[in-house]
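A.B. asks: Given next are the chains, with one letter for each unit.
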Amino acid sequence: MAYKTHVSSLSAFEKGVIELKDDLRKYAFSNVFEVASHSPPFERTAVAQNLEYVAEVMRVDGESPWYAAPHDEFAIVMDGEITFNFVKLADAQVPSHAGGAAQLGAKPNGPTMGRVRARRGHQVLLPKGAAYQLTSAAPGVVLVQTMDGPVTTKRWSDICTLS
Amino acid sequence: MDVQSSKVVAIGTNPDTGYDSFRLGQFTFRRDEYFAHIEWPKGSHIIEIDRFLRAMVRDIGWGFFYGWIFFDDIFGTTNHYGTVDVFAGAYDQGCKDQGIDHLETFPAEVVKDAFETISRNWINEGYDPLSAPLETGSPLGSKTRERTDPLVRGFQSATRMLGLEGDAPVRSDATGHPINRAFADLEFDKPDIECEPGFEGQLHAINLFDHIARADVTWNPSFTAITGASICCVTSEEHMLPVIHGNDRNEWFIQLTDEIHWQIADKNSGLPRGRIVMKAGDVCAMPADIRHQGFSPKRSMLMVMENGTPGLELRYASGELKPYPVDFG
Ligand SMILES: [Fe+2]
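Same order as they appear, the protein sequences are chains C and D.
Counting from 1, one number per residue, gives the positions in the first sequence under the numbering used here.
Counting from 164, one number per residue, gives the positions in the second sequence under the numbering used here.
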């Protein structure tokens, strides 16, 4: 038998259902494409949180600010084609806050490390010690594994199914 | 907590089926052509053998995973990370009310050894409980020949990220993992990595969907990327999760492709709370006070986010942490 794999996108997604005799806030049921379709570009909206750790959804459209974190982060491209640009940070430039991405004022001084062009299903290392920028000619979506940080946006009541 | 250190013992061979029976503590395990039979001082229980072996082999491979692994509503294990409870009816309201429930605690190694011994004896060549039912033979019937290959596989865990030099490899044709039939309609390309001179090897990206599409195991999450104690696991899911998972912490599901139907019940009593159908792109928390079981009509890709902080289970158990992850403010 031939199988048809269902993969959603910004232009075609359908949220599932949650039917529970329980407080639905405990389940924080959202959809990354729905979140991205209602987000301004590069807002980093938390869709999963385990204490100090989060997964953020980001709509990528145009050129993002530059970011850096004091730990490794990982981005999974969920839709579109996204270019990740990397600049090496000197030790003194590596952010020292507790965790999560910090937004930099501008492209940091430092050598260009290179770039990764990634499409749906690709997972990209955003290594500690590097600053990164995301760019896309058309709207795309990434899911970022990181920590709850200075630019993490929380709008759970907007994104979650509550009844 | 009283910890039993007595190891599993074989207590005889059934002359008709050829399978051995075993004793672990006060539990005995016996199989026939269709079923596993478990007995303890005040009760007994029957589990369909395919379900039993699918659960038991995963429980070994997961290292008893996080919290409660219910083989069904009655029998299962609880991980205390060093010791493991084996229980029957201890989280079933009916058994509790009748006072026939039973729980014994063993060193984890003793339970692992017992489950391996039982599985080894009860699994015949041609049957692989880690494969989807459409991809393997039947476990039914009398004993034929025992398998000689490893019972568990697919648990190779990344320490930083899959595919980095010195870390766990990404699956490929070369590692003996062809694309599964259920994902043959997808196109898989590689990310383009361009490193400037002097930075070779410092940038890294993989096709994660390709890696999942090549999994030769189901319901078998393995680590792909780690941020501190936050663990991203991915897994391919087909047919049903052969256990019911009751976590000792909150976990998150991110459905990457297709859909999974989850049945949700109260962790302690087993009373049903309802269901969740997750479609591609959906994100949902599994709170720490429920048990959940998934059903995937077509093989699907699932990401699981776990928090591996040591001792977290005690902070949830004591009530210091709430059994759900998000503060709506
Ligand atoms: Fe689970």
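Honestly, the hints are just simulated from the structure, not real lab data.
Quantities reported herein were computed from a predicted structural model and do not represent experimental measurements.
Fair warning: there could be bad hints in the mix.
[As the list claims (entries may be wrong)] Listed next, the stretches of chain C that the computed footprint assigns to chain D, with coverage defined by at least 3 CB atoms under 8 Å from CB atoms of chain D: (1) 8 to 22; (2) 46 to 57; (3) 61 to 68; (4) 71 to 83; (5) 91 to 104; (6) 107 to 117; (7) 124 to 138.
[Claimed, not checked] If we take Cβ atoms under 10 Å as the criterion, some of the chain C residues that face chain D in the derived model are: (8) Thr5; (9) Arg25; (10) Lys154; (11) Ile159.
All C-beta atoms in this analysis are idealised placements derived from N, C-alpha and C, irrespective of residue type, glycine included.
A.B. asks: Run every hint past the structure and note whether it holds.
C.D. replies: Against the structure, the hints:
no.: 1; hint: 8 to 22; verdict: holds (count 11)
no.: 2; hint: 46 to 57; verdict: holds (count 8)
no.: 3; hint: 61 to 68; verdict: violated (count 0)
no.: 4; hint: 71 to 83; verdict: holds (count 6)
no.: 5; hint: 91 to 104; verdict: violated (count 1)
no.: 6; hint: 107 to 117; verdict: holds (count 7)
no.: 7; hint: 124 to 138; verdict: holds (count 4)
no.: 8; hint: Thr5; verdict: 5 Å, holds
no.: 9; hint: Arg25; verdict: 5 Å, holds
no.: 10; hint: Lys154; verdict: 8 Å, holds
no.: 11; hint: Ile159; verdict: 9 Å, holds
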